[in-house]
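2 protein chains.
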Amino acid sequence: MTADPVLSFLEQDRAAALERLMALLRCPSVSTDPAYAQGMGAARELLMARLARAGFGHVREISAGGHPAIYGEWCGQPGRPTFLVYGHYDVQPPDPIADWSSPPFEPRIVDGRIRARGVSDDKAPLSIAIEAMAGFLHVEGRLPVNVKLLLEGEEECGSATLGQICERHRDLLAADAVISADGARWRTDLCTVNVGSRGNAALEFSLTTAARDLHSGRFGGATVNALHAMARLLASLHEADGRVAVEDFYDDARLPEAADLAMLARIPFDESGFFREFSGRPHGEPGYGTLARLWLRPTLEMNGMWGGYTGAGAKTIVPHRAEAKLTMRLADGQDPARVVAAVRRHLKNHCPAGAQLDFRDTSPGSRAYTVPENHPLLLAVERTLADVTGAQPVRVRIGATLPLSDIVSTRLGLDTVMFSFSTADEKFHAPDEFFRLASFDKGLRAWVLLLRRLGLQTPYDYARFQHRPERPSA
Amino acid sequence: MTADPVLSFLEQDRAAALERLMALLRCPSVSTDPAYAQGMGAARELLMARLARAGFGHVREISAGGHPAIYGEWCGQPGRPTFLVYGHYDVQPPDPIADWSSPPFEPRIVDGRIRARGVSDDKAPLSIAIEAMAGFLHVEGRLPVNVKLLLEGEEECGSATLGQICERHRDLLAADAVISADGARWRTDLCTVNVGSRGNAALEFSLTTAARDLHSGRFGGATVNALHAMARLLASLHEADGRVAVEDFYDDARLPEAADLAMLARIPFDESGFFREFSGRPHGEPGYGTLARLWLRPTLEMNGMWGGYTGAGAKTIVPHRAEAKLTMRLADGQDPARVVAAVRRHLKNHCPAGAQLDFRDTSPGSRAYTVPENHPLLLAVERTLADVTGAQPVRVRIGATLPLSDIVSTRLGLDTVMFSFSTADEKFHAPDEFFRLASFDKGLRAWVLLLRRLGLQTPYDYARFQHRPERPSA
Numbered sequence: 005m006t007a008d009p010v011l012s013f014l015e016q017d018r019a020a021a022l023e024r025l026m027a028l029l030r031c032p033s034v035s036t037d038p039a040y041a042q043g044m045g046a047a048r049e050l051l052m053a054r055l056a057r058a059g060f061g062h063v064r065e066i067s068a069g070g071h072p073a074i075y076g077e078w079c080g081q082p083g084r085p086t087f088l089v090y091g092h093y094d095v096q097p098p099d100p101i102a103d104w105s106s107p108p109f110e111p112r113i114v115d116g117r118i119r120a121r122g123v124s125d126d127k128a129p130l131s132i133a134i135e136a137m138a139g140f141l142h143v144e145g146r147l148p149v150n151v152k153l154l155l156e157g158e159e160e161c162g163s164a165t166l167g168q169i170c171e172r173h174r175d176l177l178a179a180d181a182v183i184s185a186d187g188a189r190w191r192t193d194l195c196t197v198n199v200g201s202r203g204n205a206a207l208e209f210s211l212t213t214a215a216r217d218l219h220s221g222r223f224g225g226a227t228v229n230a231l232h233a234m235a236r237l238l239a240s241l242h243e244a245d246g247r248v249a250v251e252d253f254y255d256d257a258r259l260p261e262a263a264d265l266a267m268l269a270r271i272p273f274d275e276s277g278f279f280r281e282f283s284g285r286p287h288g289e290p291g292y293g294t295l296a297r298l299w300l301r302p303t304l305e306m307n308g309m310w311g312g313y314t315g316a317g318a319k320t321i322v323p324h325r326a327e328a329k330l331t332m333r334l335a336d337g338q339d340p341a342r343v344v345a346a347v348r349r350h351l352k353n354h355c356p357a358g359a360q361l362d363f364r365d366t367s368p369g370s371r372a373y374t375v376p377e378n379h380p381l382l383l384a385v386e387r388t389l390a391d392v393t394g395a396q397p398v399r400v401r402i403g404a405t406l407p408l409s410d411i412v413s414t415r416l417g418l419d420t421v422m423f424s425f426s427t428a429d430e431k432f433h434a435p436d437e438f439f440r441l442a443s444f445d446k447g448l449r450a451w452v453l454l455l456r457r458l459g460l461q462t463p464y465d466y467a468r469f470q471h472r473p474e475r476p477s478a
Numbered sequence: 005m006t007a008d009p010v011l012s013f014l015e016q017d018r019a020a021a022l023e024r025l026m027a028l029l030r031c032p033s034v035s036t037d038p039a040y041a042q043g044m045g046a047a048r049e050l051l052m053a054r055l056a057r058a059g060f061g062h063v064r065e066i067s068a069g070g071h072p073a074i075y076g077e078w079c080g081q082p083g084r085p086t087f088l089v090y091g092h093y094d095v096q097p098p099d100p101i102a103d104w105s106s107p108p109f110e111p112r113i114v115d116g117r118i119r120a121r122g123v124s125d126d127k128a129p130l131s132i133a134i135e136a137m138a139g140f141l142h143v144e145g146r147l148p149v150n151v152k153l154l155l156e157g158e159e160e161c162g163s164a165t166l167g168q169i170c171e172r173h174r175d176l177l178a179a180d181a182v183i184s185a186d187g188a189r190w191r192t193d194l195c196t197v198n199v200g201s202r203g204n205a206a207l208e209f210s211l212t213t214a215a216r217d218l219h220s221g222r223f224g225g226a227t228v229n230a231l232h233a234m235a236r237l238l239a240s241l242h243e244a245d246g247r248v249a250v251e252d253f254y255d256d257a258r259l260p261e262a263a264d265l266a267m268l269a270r271i272p273f274d275e276s277g278f279f280r281e282f283s284g285r286p287h288g289e290p291g292y293g294t295l296a297r298l299w300l301r302p303t304l305e306m307n308g309m310w311g312g313y314t315g316a317g318a319k320t321i322v323p324h325r326a327e328a329k330l331t332m333r334l335a336d337g338q339d340p341a342r343v344v345a346a347v348r349r350h351l352k353n354h355c356p357a358g359a360q361l362d363f364r365d366t367s368p369g370s371r372a373y374t375v376p377e378n379h380p381l382l383l384a385v386e387r388t389l390a391d392v393t394g395a396q397p398v399r400v401r402i403g404a405t406l407p408l409s410d411i412v413s414t415r416l417g418l419d420t421v422m423f424s425f426s427t428a429d430e431k432f433h434a435p436d437e438f439f440r441l442a443s444f445d446k447g448l449r450a451w452v453l454l455l456r457r458l459g460l461q462t463p464y465d466y467a468r469f470q471h472r473p474e475r476p477s478a
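Protein sequence lines correspond, in order, to chains A and B. Going by my numbering, the letters in the first sequence line up with residues 5 to 478, in that order. Going by my numbering, the letters in the second sequence line up with residues 5 to 478, in that order.
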C-alpha cells in the first residue's frame with residue numbers, strides 16, 4: 005500500500021518491534037522509589053543495547069547525580085539540521101496495585117490496547133521514535149537528518165537534575181530544535197498539535213498563633229485560633245468571583261490577544277461535557293472562557309490545607325498551627341520567582357494579627373512555554389499530521405507544565421515541539437494504564453514521514469529561532 | 005490540734021487511706037479504650053468493696069448500656085437533707101506513655117506530690133470524699149446528712165450514658181443537691197469557688213466541589229477548588245475583630261450585667277502572664293475583657309480543618325473535598341440545638357456556588373450552668389472553704405463544659421456545687437499527672453467540716469431551689 009521502503013520494513017518488523025516494547029515494559033523502572041533501582045538499570049541496559057544495535061553512536065549514560073539519562077547519536081548528515089529527540093524511560097509507581105486488572109509490569113494486549121505501567125507515559129511513544137529511526141538505519145543506512153537521543157530517567161520525579169545534565173553536556177546536546185516523544189495528545193476525537201504549556205511555581209507555609217494547642221473551654225474565645233487566621237488568610241487570596249486577589253499577580257502575564265481568543269473559539273470543545281465528567285462547574289477569572297482560563301491565564305490553587313484535630317470524633321482544642329500548600333500555573337511572561345514573591349508579600353500583608361508565617365523551601369518552578377508560531381519544526385509536524393490523519397491539526401495548548409520545554413529553552417536555547425502518540429485518556433499515573441495499538445502503527449508512519457520532511461530543511465531554517473541560553477535564576 | 009473526733013481518726017488513718025488511693029491508682033481504668041476493660045472492672049470491685057466495708061448500703065453497679073456507674077447510699081438521717089455525691093473512677097488514656105517520668109499506673113510520691121494517671125482527675129478527689137465519710141461512719145456510726153454516692157465510669161469518654169442512668173434511676177438518685185468531687189480549682193494562689201460553666205455544642209461537615217481530585221494543570225483556574233470554597237466559608241464565621249458573624253448566634257446568650265462584670269473586675273488576674281505562658285495574645289468578642297470572653301460569652305472555635313494533599317512535597321491537585329470540625333461554648337440562656345441550627349443556616353447561606361455541604365451527626369451538647377447565687381449548698385461550701393483556708397473564697401466560673409451539671413439539672417432537677425481539691429495545673433489529660441499531698445489533707449478536713457455544716461441544714465432550705473426535671477430535647 006505504501007511505497008516508502010522504511011515503512012514497508014516497519015510493517016514486516018511490527019511483531020518484533022512490539023516484542024521489544026514488551027521487554028521494556030517488563031522493566032519496573034520506577035524512578036521515585038529506590039526499591040526499583042534494579043528495574044531502572046534493566047531498562048537502561050535494554051535501551052542502550054537497542055540503540056547500539058540500531059546503529060547509534062556514542063551510546064552512554066549521562067548524569068548529574070540523579071538517575072542517569074541515556075544518550076546516543078547519529079550525526080551522518082552534515083548540512084542537514086540536528087534534532088534532539090527526547091523521551092523518558094522512567095515510570096510512575098504502580099500503586100495502588102490491587103486496582104490493576106493485570107500485573108502492572110506484565111504487559112497484556114487486550115482489545116487492541118497494550119496494558120502496562122508506563123506504556124503510554126512514555127515507553128510506547130519513545131519506542132515508536134526509536135523503531136522509526138532504526139528502520140531508516142536498517143533500510144537506508146542513514147537518517148534523513150542528524151539525531152541526538154536524550155532519554156531521561158527522572159521525568160516522573162520532577163526532572164530534578166535534567167537542567168544540570170543540560171548544563172554539563174551543553175556541547176554534546178547542541179541541536180537545532182527538540183522533538184519530544186513525550187506529551188500526551190489532548191483528545192482522540194480531534195487531531196491537535198500542542199503549541200504551549202503553562203509554567204508553575206509552589207509555596208508552602210505554616211501559620212502559628214501560640215506555643216501549643218489549647219483547651220477550647222479554658223482558652224476559647226479569648227485568644228487567636230490558628231485555623232480562623234488561616235481560613236481568613238487563604239480566603240483573601242481570591243475574590244468571590246474567582247479572580248486572584250494577590251497584588252501584582254497578573255502583572256507580567258501576557259494578555260491574550262484577539263487572535264488568541266479567536267483561535268480558542270474555533271476549537272471544537274464540549275464545555276458542558278467537560279464539567280459533567282467530574283461533576284464540576286465553571287469558575288475562574290472573570291472575562292475569560294474555560295479554555296482561556298486553562299491555557300492562557302495564570303491560576304493560584306490551594307493543593308492542601310490542614311490544622312488542628314482531624315481524627316474521628318470531637319477534640320475541643322484551639323489549634324495553634326495550620327499549614328497550607330499552594331501552587332501557581334503561570335502564563336507567558338511570568339517569572340516563577342516574581343510570582344512567588346508577590347504571593348508571599350500578599351500573605352505577609354494579610355496575615356491576621358497574632359499569627360506568624362513560616363515559609364518552607366519549594367522547587368524553583370518553571371516558566372510557561374510557547375512554540376514560535378512559524379517555527380519550522382512546528383510547521384513540519386503540522387504537515388506530517390495532516391498527511392497521516394487527513395485532517396489539518398488544530399493548534400491547542402495544555403494548562404499543565406512541561407519542565408523539559410523550559411529547561412531546554414533556558415539551558416540550551418532550543419524550542420520544543422511535542423510529537424507523541426499517547427492520548428490524555430490512557431490512564432497514565434493510574435491503574436490500568438494503556439496505549440492504543442492503532443497509535444503504535446500511526447506513530448511509526450508519522451515519525452517516518454516527519455523525518456523525511458525534516459530532511460528537506462536546512463540548519464539555516466532554524467537559525468533565527470535559536471536564542472542565547474540563559475543562566476537560570478539562582 | 006483539732007477537737008473533731010472524725011478528723012483525729014483521719015489523721016491517724018492517713019497512711020492507710022493513702023495506700024487505698026495507691027491501690028485504686030494501680031487499676032488502669034481507661035474508659036475510652038476497650039483494651040482496658042479489666043482495669044475498669046478492677047477499679048469498680050475495689051471501690052464497691054471499700055464502700056460496703058465503710059458502711060454504705062445498696063452498693064451496686066447501675067448502668068444504661070455503657071460502663072456501669074457505682075452506687076452506694078447511707079440514708080440514716082431522716083429530716084436532714086440528702087446529697088448526691090459525684091465522682092468518676094475512669095481516667096484518660098496514658099498516651100504518650102514515653103513522656104511519663106514513671107509508669108502511669110505505678111503511682112509514686114515525689115516531692116510532696118503523687119504522680120499517676122487519674123490521680124488528680126478524679127481518683128484522689130473522690131477518695132477524699134469517701135475517706136471523709138468512712139471516717140464519720142467509723143467514729144460516729146453515722147453521717148451528718150444523707151448521702152447517695154454516684155461514681156461514674158464514662159466521664160472521660162463523654163458521659164454518653166449518664167443521662168440515661170439518671171432517667172432510669174430517677175427515684176434512686178432523688179436528692180436535694182449534688183456535691184461534685186470532680187471539677188478542678190482554677191489556681192493554687194487563690195481560693196475560689198466555681199459557680200458556673202459554659203455549655204457546648206459541635207458541628208462537623210464536609211464540603212464537596214467535584215467527583216474527584218483534579219490535576220491542577222489540566223483543570224486549575226477553570227473550576228471550583230474545594231479548599232478555596234472552605235476557606236471562604238470558614239472565614240465568614242467571624243468578623244476580623246473576633247466577633248462571631250453568624251446571624252442569631254448571640255441571640256439567647258444572657259448579656260453580662262454590670263454586677264457580673266464588676267465581679268470579674270474584682271478577681272486578681274495576671275492577664276499578661278496568662279497569655280505569655282502559651283505565647284498567645286488577647287483576641288475575641290469586642291467590648292469584653294479576657295475573663296468575660298472565657299466565662300460569660302459564647303465562642304465558636306474551629307477545632308480542625310483539612311483537605312487536599314497533606315504529605316511531603318508538592319501534589320498539584322485541585323482538591324474536590326474539604327472537612328471541618330467546629331465546637332461552640334455556650335453562655336447561659338443558649339440552647340445547643342438552636343445554636344447548631346443557626347451555624348448550619350449560616351454555613352448553608354454562605355456556601356460558595358458549586359460547593360455542597362454534608363453535615364455529620366455529633367453529640368447533642370450541653371447547656372451552660374450557673375449555681376443560684378444564694379443556693380444553700382453554695383453558701384455552705386463558701387463558709388467551709390473560708391474556715392479551712394482562712395480566706396473568703398472568690399466566686400469564679402470556668403469556660404469549659406461540665407456535662408454533669410447540665411445532666412442532673414435537666415434529668416433530676418438538681419443544682420450542683422463543685423467541691424474538688426485538684427487544681428488546673430496538675431497535668432490531667434497529660435503525661436506526669438499529679439496531685440498535691442497537701443491537698444489530700446486539706447480536702448479531708450474540708451469534707452468533714454462541710455458535712456457537719458450541711459447537717460445543720462434541712463431539706464426545707466433546698467425546696468425552693470429544686471426544679472421540675474425536664475425531658476431532654478430529642
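These are computed hints drawn from the structure, not numbers from a lab. Just so you know, not all the hints are guaranteed correct.
[Stated by the list, open to error] Listed next, with one range per pair, are the computed distances between beta-carbon atoms:
#	chain 1	residue 1	chain 2	residue 2	range
1	A	Glu251	B	Arg348	52 to 62 Å
2	B	Leu361	A	Arg349	25 to 35 Å
3	A	Ala357	B	Asp8	47 to 57 Å
4	B	Glu110	A	Arg349	31 to 41 Å
5	B	Asn378	A	Arg222	22 to 32 Å
6	B	Asp99	A	Leu259	53 to 63 Å
7	A	Arg222	B	His471	38 to 48 Å
8	B	Ala244	A	Arg112	55 to 65 Å
9	A	Lys352	B	Asp252	29 to 39 Å
10	A	Asp193	B	Thr36	25 to 35 Å
11	A	Glu251	B	Thr36	20 to 30 Å
[To be verified] These stretches of chain A come out as covered by chain B in the derived footprint (C-beta under 8 Å, 3 or more residues):
#	stretch
12	211 to 217
13	324 to 334
Glycine included, every Cβ here is placed at the ideal spot set by N, Cα and C.
- Hints violated by the structure (listed by number, smallest first): 1, 4, 7, 10 and 11
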